[in-house]
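Put together the whole structure using the sequences plus the hints.
Next come the chains, spelled out residue by residue.
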Amino acid sequence: ETGVTQSPTHLIKTRGQQVTLRCSSQSGHNTVSWYQQALGQGPQFIFQYYREEENGRGNFPPRFSGLQFPNYSSELNVNALELDDSALYLCASSLDAGDTQYFGPGTRLTVL
Amino acid sequence: AQSVTQLGSHVSVSEGALVLLRCNYSSSVPPYLFWYVQYPNQGLQLLLKYTSAATLVKGINGFEAEFKKSETSFHLTKPSAHMSDAAEYFCAVIHCSNYKLTFGKGTLLTVNP
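One line per chain: the protein sequences are C and H, in this order.
Heads up, the first sequence is in our numbering, so the first residue is 52 and it goes up one at a time.
Heads up, the second sequence is in our numbering, so the first residue is 1380 and it goes up one at a time.
Label pairs and their computed distance ranges (CB to CB):
1) H:S1391 / C:L118: 40 to 46 angstroms
2) H:K1437 / C:A89: 28 to 34 angstroms
3) C:R114 / H:A1432: 38 to 44 angstroms
4) H:Q1424 / C:L118: 25 to 31 angstroms
Just so you have them, the derived chain H footprint on chain C, three or more residues with Cβ under 8 angstroms:
5) 98 to 112
6) 146 to 153
Read the hints as simulated data drawn from the structure, not as lab findings.
Predicted model only: the values in this text are computed from it and were never measured.
All residues carry an ideal CB built from backbone N, CA and C; glycine is no exception.
What follows is the structure, given as structure tokens:
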């Protein structure tokens, strides 16, 4: 059984650019949640997708957006990147909304 | 609102010693609680979870945690630390309204030989 995978592993962008991060959920899981983990902090909830619909959102501006596809993989898009967006972005999948969340290895984003 | 507080941002123990990482929760409803571990430059790995069944929960790698409602605590313990336990540990609570996990700030565990 394949776990949660994320791509890319690392990337570097400059202020004002746009970025897309990808996540493949664990087999059989229909829910994907995204978190931002700044250096030295705990992960912060960005949003959750359940069966291709947004199912909850944290305190992040609209320039953070997402998608979930029919195969339940997901994308996180961030527009107009700011320096403070530099962080580890974690994706977690669960069997259903509210079930235990299993995390991927993360994507390390650096904004210069 | 539900939240967790981890007491101690850094805990240092000797190899073979007891590990105790503290977590207190605040919740207006019976909480579901989790402990995750994060090794350097990696994602989060689930150690154990409490979902209102047995109050003593056993997890992977010899860790366990006890849910104490009277103390609003969910402390993580391991009888004998191993060098491979060195990592950051996060306590988390799940919100029933939107299923988001709210994490504590983490406790960095170092194990000395």
